[in-house]
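Colleague: All chains, please: the whole structure from these sequences, using the hints.
Going by the numbering used here, the first residue of the sequence shown is number 11, and it counts up by one from there.
FYI, nobody ran anything at the bench for these hints, they're computed from the structure.
Since the model is a prediction, treat every value here as computed from it, not as a measurement.
Check the hints yourself; a few may be wrong.
Unchecked claim - Derived pair list, reagent style DSS-like, types lysine-lysine, alpha-carbon separation capped at 27 Å:
| hint | residue 1 | residue 2 |
| --- | --- | --- |
| 1 | 44 | 122 |
| 2 | 51 | 93 |
| 3 | 51 | 122 |
| 4 | 93 | 44 |
| 5 | 48 | 93 |
Claimed, not checked - Simulated restraints, written as ranges between beta carbons of each label pair:
| hint | residue 1 | residue 2 | range |
| --- | --- | --- | --- |
| 6 | 56 | 202 | 12 to 22 Å |
| 7 | 189 | 18 | 33 to 43 Å |
| 8 | 116 | 17 | 41 to 51 Å |
Here a beta-carbon is modelled for each residue, glycine too, at the ideal position from N, C-alpha and C.
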Amino acid sequence: MANMDDTELDILTEIGTIGAGNATTSLSVLLNSKLTMKIPKVSFMNFDDFVESIGGADNVIAGVMSNITGEIEGFVLFAMDIKDAHRLVNRLLGIELSEINAFSDIDLSAVKEIGNILISSYLSSIETLTGISIRPSNPMLSIDMAGAILSFPAVVNSREHDDVLRIESQFEGEDLSIEGHIMMIADTQSYMIIRNRLGI
11 MANMDDTELD ILTEIGTIGA GNATTSLSVL LNSKLTMKIP KVSFMNFDDF
61 VESIGGADNV IAGVMSNITG EIEGFVLFAM DIKDAHRLVN RLLGIELSEI
111 NAFSDIDLSA VKEIGNILIS SYLSSIETLT GISIRPSNPM LSIDMAGAIL
161 SFPAVVNSRE HDDVLRIESQ FEGEDLSIEG HIMMIADTQS YMIIRNRLGI
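Modeller: Set out below in structure tokens:
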């Protein structure tokens with residue numbers, strides 16, 4: 011899957027754009043603030059390169075993770091730098107954006123819900139364009155170093171190959187700029203189903 015042509019990248023970018031558009035709408039409603047988005051950057055990359063793209067193994071992130079089952083099987087992760095997670099939660103709860111405190115249980119619940127919204131938006135865009143039935147599991151939240159989160163058994167067990175699909179999205183508001191990364195790992199058969207349904 012790493013050797014994709016321009017047509018395949020264009021189609022995957024369209025999936026990412028639809029997902030980001032849905033996520034932008036949902037986040038705008040949740041935060042009661044108008045957000046815009048930049049066109050997502052979509053790529054397949056080596057697993058280790060993905061770790062580096064989110065700040066390296068030692069960078070602390072908020073990771074919301076979900077197994078996917080149905081016609082395709084795999085794993086999806088929404089990763090956000092911890093500072094961006096604080097900014098989002100602060101905006102949601104009406105706290106100064108520059109204030110960084112330890113996450114409370116309410117904060118953690120908010121981060122998980124935001125991650126769940128974003129994951130669901132992207133998976134919904136795949137369903138819309140392919141007609142493939144995808145069932146995500148209940149999301150799990152972890153706040154830890156990227157290397158630790160990406161060594162979770164659920165992630166490791168989904169890795170048939172070293173290449174992962176990465177969708178980088180950026181959301182911007184009046185005084186808010188948030189960057190997030192979707193990582194999707196699926197087995198070879200699942201990728202073939204997606205490609206066949208997309209006619210590529």
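Colleague: Indicate, hint by hint, whether the structure satisfies it.
Modeller: Structure-based check of each hint:
1. In summary, the hint linking residue 44 to residue 122 is supported, as the alpha carbons are separated by about 21 Å, within the 27 Å threshold.
2. Distance restraint check for residue 51 and residue 93: the Cα-Cα separation of roughly 21 Å lies within the 27 Å cut-off, and the hinted pair is therefore satisfied.
3. At roughly 23 Å between alpha-carbon atoms, residue 51 and residue 122 fall within 27 Å of each other, so this suggested pair holds.
4. Among the hinted pairs, residue 93 with residue 44 is consistent with the structure: their alpha-carbon atoms are about 20 Å apart, no more than 27 Å.
5. For the suggested pair residue 48 and residue 93, the alpha carbons sit about 20 Å apart, so the restraint of at most 27 Å is met.
6. At roughly 20 Å, the beta-carbon separation of residue 56 and residue 202 lies within the given 12 to 22 Å, and the hint holds.
7. At about 24 Å, the beta-carbon gap between residue 189 and residue 18 misses the expected band of 33 to 43 Å.
8. For the hinted restraint 41 to 51 Å between residue 116 and residue 17, the CB-CB distance of approximately 45 Å keeps it satisfied.
Hint 7 from the list above is the single one not met by this structure.
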